[in-house]
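Given next are the chains, with one letter for each unit.
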Amino acid sequence: MRKMITGLALAAGLSATALASAAAQDKAPIKVGTALDFTAVYTFVTAEYSQGQRDYIALLNAKGGIKGHPVEIMVVDTGNQPQRGIEAYERFKSEGAVLVDFLSTPVSRAVVPRALGDGMNVVTMFHGRSDAADGKVFPTIFPMTPAYWSQATAIVKYIEGQEKGGLKGKRIALVMIDSPFGREPVPVFEELSKRLGYEFATFPYPSPGNEQSATWTQLRRDKPDWTIIWGAGGGQPVSVREAMRNGVPLDHLASVIWISETDANIIGADQTKGLLRFEGVASGKDPAVIKAIQQEVVAKGKAAGPAEKVGSTYYNIGVASMALFAEGARRALDKEGEPLTPAKLKHGLESIKDFTADGLLPPVTITSEDHQGGGRGRIAAWDGSKWTAKSDWSAAYQDIVWNLVHKSAEEFKASGK
Amino acid sequence: MFYRLAGIRHTSYAADRALWPVPVDRWQIGVLLALALAAPFVLPNLYLSSYLLPWIIWSTAALGLNLLMGWAGQIHLGYAAVMAIGAYGTIHLVRAGMPFELAIVAGGLLSAVIGLVFGFAALRVKGLYLAISTLAMQYLVDWIISHVPAISGGSQATLQAPNFRVLGLPVAGDFARYYVALAVCLLVTLFLLNVGRTSFGRALVAVREKDFAAAILGVNTFYFKLLAFWCSSFLGGVSGVLLAFCYYRAVTPEQFNLDVSIQAVAMVIVGGMGSVMGSYLGAALVLLAPIVLNNLVGTLAQAGALPVSQEILSHIPLILYGGLIVAFLLFEPLGLAKVYDNLRNYFLVWPFRHARH
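From first to last, the protein sequence lines stand for chains A and B. One point on numbering: in our numbering, the residue at position 355 of the first sequence is 355, and numbering is uninterrupted. Each number in our numbering comes from the position in the second sequence (counting from 1) with 417 added on.
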């Protein structure tokens, strides 16, 4: 018992010195709260994503922060439980955070009503509600990246480009997890099939996707020209393996954004050659900002995680999320002055124009109407060791996407009355 | 010594059957009630809205499940599904224009009816088989909710809880929501406290101890098992409504998945089967311990006392939490309520070691 008390006293003393050193800096820190799922469902992405976020913040602070303000990033685990996310949200709020991030669809959804009420900015990169792209209905929710619907249109656009004779009469199959997430893109594919004339069929597999053989046997009978897989986490390598087993050529198999180097290595780096996926953030170590992190953070031993993860898909998404935040904060401080509040940050984020984070992102333009940031993305293929771009950054069929966004956002608005 | 029994005389049946014959117990309840009522004015908003409020709602849910598990001895692994039915039902009814006061009862009744249907099936089986058949209810309800857009609310599968009024007053803000939840929680608590001293409660206990022995004694076990399912499902539905309207303010299928059912069962077992206080303590441990441990470990890590990576750091609270539950069940298998009971018994005769019988 005495030992424990000494330990606690020591901890208290240490935290007091930590606080004192923070106060010694000239300007007040800007606080960002990230409550992520390190332990339950999103484990496939969280570690790399969070590492990217913290490394970028370290780079930012090494370069003097945002207009002299150091940035403090709070990281806590939610275990994907909404009640823990809400607790973390309320804590971040009381600590003065200007932006929060949950990287979990259930937790984000549970926090959205509170965040809208409080005017707190929530980052929902590549997850959460697709209709949050509507900035008028979701004023403080910032996906800033292509919604699932935009990913679906981008994939079809790529297929259209490959099929020189047009898509009329071609068969496209969607193999997806049987959950709201898996069913989300279906209306987009259906609408496009009416427009472009391809035949569309869906093949759902039961959650969590460890076992998909029955689904793929069905697909084999259907003989689609192109197959699209829509899942996340452990189900993704299973999908690709089943596709290979059933004779689906990998260069005619495209995935939603959630497939990474790790998945390719699980399946077998060589065997996975040719696999296509959507990407909204460049992967690899080539973008200038990743190089800067290598020099300023990793080389100096300040990295938040293993060095070999730097430049991986989810790492770069984490970097992109904080780069967009920093750009928004900079603009907010320029335009509306000190101190940075959630409301000012919202305006700052909404003034972001053609921001690429030095080649990491497609040109992102966020307005008070469009929180999706333009919906640009590209298709990349696995070449055996890394993902290489197969198309240029572009947005496709945004009219269909925005019809759905507006319809769904209106429903959301009506439900809260 | 502290729980003075001197001077307590049972001169009437009413006095003999009082809920708390010992004055100190009454005082404790009074103080707790006063604290609960004053909490919004005393506690910072963080602790009110993300600790006390969910604790109260989860205690309500645990009380409902405890009626079935602790009193009637029937296990239920689909309790979250029961809560979901109440939550979704009430949201749809309020959106259709029904006043909240009626809709919460209707939501509870809807849960009770559907819970009873599964209760019927469950009556044929006992023990582990019952566990599996209630598990089926969980999966079935989950599947139906996420596959019927009319229930789940479209492609995003989220329904916001509409603004609502209670007794003509709009319920907005954390204070009002807290008091609504507290009022329902107190009603449910009062009901459960009284179950123990009615023929209904005694019949449930008889069924729990041995159902065919109860039948020989003249207890209609079929009827009372069903009644237990009915009441427990009603309370589950009502607590689901509170969760949706007062806490989450939106419902999604994930908020009522299997994990939540398991948590509810854990609350009842860790807290103490058949104990009202146990439901509160169990809910506190299962709901709040992970959060508190997480923050504790986070504070230590920030202070530099734990030089490990974030992923390992995130798993430390899980290890501690698991250890905590195992330890509680090892040292006191009858639950947290029994821990309090032991303390109370100790102080009842303090400074002597044993009571004279």
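I should point out that these hints are in silico values taken from the structure, not numbers from a laboratory. Treat the hints loosely; a few may be bogus.
What the hints assert, rightly or not - In the SDA-like style, the derived pairs of lysine to any residue whose C-alpha atoms are separated by at most 25 Å in a straight line are:
(1) A:Lys93 x B:Leu533
(2) A:Lys67 x A:Pro339
(3) A:Lys413 x B:Pro587
(4) A:Lys413 x B:Leu705
(5) A:Lys164 x A:Trp393
(6) A:Lys67 x A:Lys170
(7) A:Lys157 x A:Thr356
(8) A:Lys93 x B:Pro461
(9) A:Lys302 x B:Ile729
(10) A:Lys67 x A:Pro208
(11) A:Lys223 x A:Asp286
(12) A:Lys164 x A:Ala201
(13) A:Lys273 x A:His347
(14) A:Lys93 x A:Ser385
(15) A:Lys170 x A:Thr356
(16) A:Lys93 x B:Val709
(17) A:Lys136 x B:Leu705
(18) A:Lys93 x B:Ala701
(19) A:Lys335 x A:Ala28
(20) A:Lys302 x B:Pro587
(21) A:Lys302 x A:Asp286
(22) A:Lys309 x B:Leu450
(23) A:Lys413 x B:Pro461
(24) A:Lys31 x B:Ile729
(25) A:Lys390 x A:Lys300
(26) A:Lys136 x B:Ile733
(27) A:Lys300 x B:Glu728
(28) A:Lys285 x A:Ser385
(29) A:Lys302 x B:Asp591
(30) A:Lys93 x B:Ser569
(31) A:Lys390 x A:Arg221
(32) A:Lys291 x A:Lys309
(33) A:Lys353 x A:Pro139
(34) A:Lys93 x B:Gly585
(35) B:Lys627 x B:Val725
(36) A:Lys407 x B:Ile633
(37) A:Lys93 x B:Gly571
(38) A:Lys300 x B:Leu705
Just so we're clear, the structure is a prediction, and the values are computed from it rather than from any experiment.
Evaluation of the provided hints:
1. A:Lys93 x B:Leu533: Violated: A:Lys93 and B:Leu533 sit about 43 Å apart, past 25 Å.
2. A:Lys67 x A:Pro339: 11 Å, holds
3. A:Lys413 x B:Pro587: 19 Å, holds
4. A:Lys413 x B:Leu705: Roughly 32 Å separates the two Cα atoms, so the pair is violated.
5. A:Lys164 x A:Trp393: 20 Å, holds
6. A:Lys67 x A:Lys170: At roughly 54 Å apart (the allowed maximum being 25 Å), A:Lys170 and A:Lys67 break the hint.
7. A:Lys157 x A:Thr356: Cα-Cα ~22 Å, so holds.
8. A:Lys93 x B:Pro461: Holds: A:Lys93 and B:Pro461 sit about 12 Å apart, inside 25 Å.
9. A:Lys302 x B:Ile729: 18 Å, holds
10. A:Lys67 x A:Pro208: 45 Å, violated
11. A:Lys223 x A:Asp286: Measuring from Cα to Cα gives roughly 38 Å; hence the hint is violated.
12. A:Lys164 x A:Ala201: 22 Å, holds
13. A:Lys273 x A:His347: It is violated: about 43 Å lies between the C-alpha atoms, which goes past 25 Å.
14. A:Lys93 x A:Ser385: 42 Å, violated
15. A:Lys170 x A:Thr356: Roughly 36 Å separates the two Cα atoms, so the pair is violated.
16. A:Lys93 x B:Val709: Distance ~17 Å between A:Lys93 and B:Val709 Cα, so the pair holds.
17. A:Lys136 x B:Leu705: It is violated: about 36 Å lies between the C-alpha atoms, which goes past 25 Å.
18. A:Lys93 x B:Ala701: 23 Å, holds
19. A:Lys335 x A:Ala28: 18 Å, holds
20. A:Lys302 x B:Pro587: 52 Å, violated
21. A:Lys302 x A:Asp286: 20 Å, holds
22. A:Lys309 x B:Leu450: 53 Å, violated
23. A:Lys413 x B:Pro461: Roughly 30 Å separates the two Cα atoms, so the pair is violated.
24. A:Lys31 x B:Ile729: Holds: A:Lys31 and B:Ile729 sit about 23 Å apart, inside 25 Å.
25. A:Lys390 x A:Lys300: 35 Å, violated
26. A:Lys136 x B:Ile733: 41 Å, violated
27. A:Lys300 x B:Glu728: 22 Å, holds
28. A:Lys285 x A:Ser385: 13 Å, holds
29. A:Lys302 x B:Asp591: 42 Å, violated
30. A:Lys93 x B:Ser569: Between A:Lys93 and B:Ser569 the Cα gap is close to 30 Å, so the pair fails against 25 Å, i.e. violated.
31. A:Lys390 x A:Arg221: 29 Å, violated
32. A:Lys291 x A:Lys309: 13 Å, holds
33. A:Lys353 x A:Pro139: 18 Å, holds
34. A:Lys93 x B:Gly585: 31 Å, violated
35. B:Lys627 x B:Val725: With a Cα-Cα distance of about 52 Å, the restraint between B:Lys627 and B:Val725 is violated, given a limit of 25 Å.
36. A:Lys407 x B:Ile633: 62 Å, violated
37. A:Lys93 x B:Gly571: 30 Å, violated
38. A:Lys300 x B:Leu705: 39 Å, violated
Comparing the model with each numbered hint stated earlier shows that hints 1, 4, 6, 10, 11, 13, 14, 15, 17, 20, 22, 23, 25, 26, 29, 30, 31, 34, 35, 36, 37, 38 do not hold.
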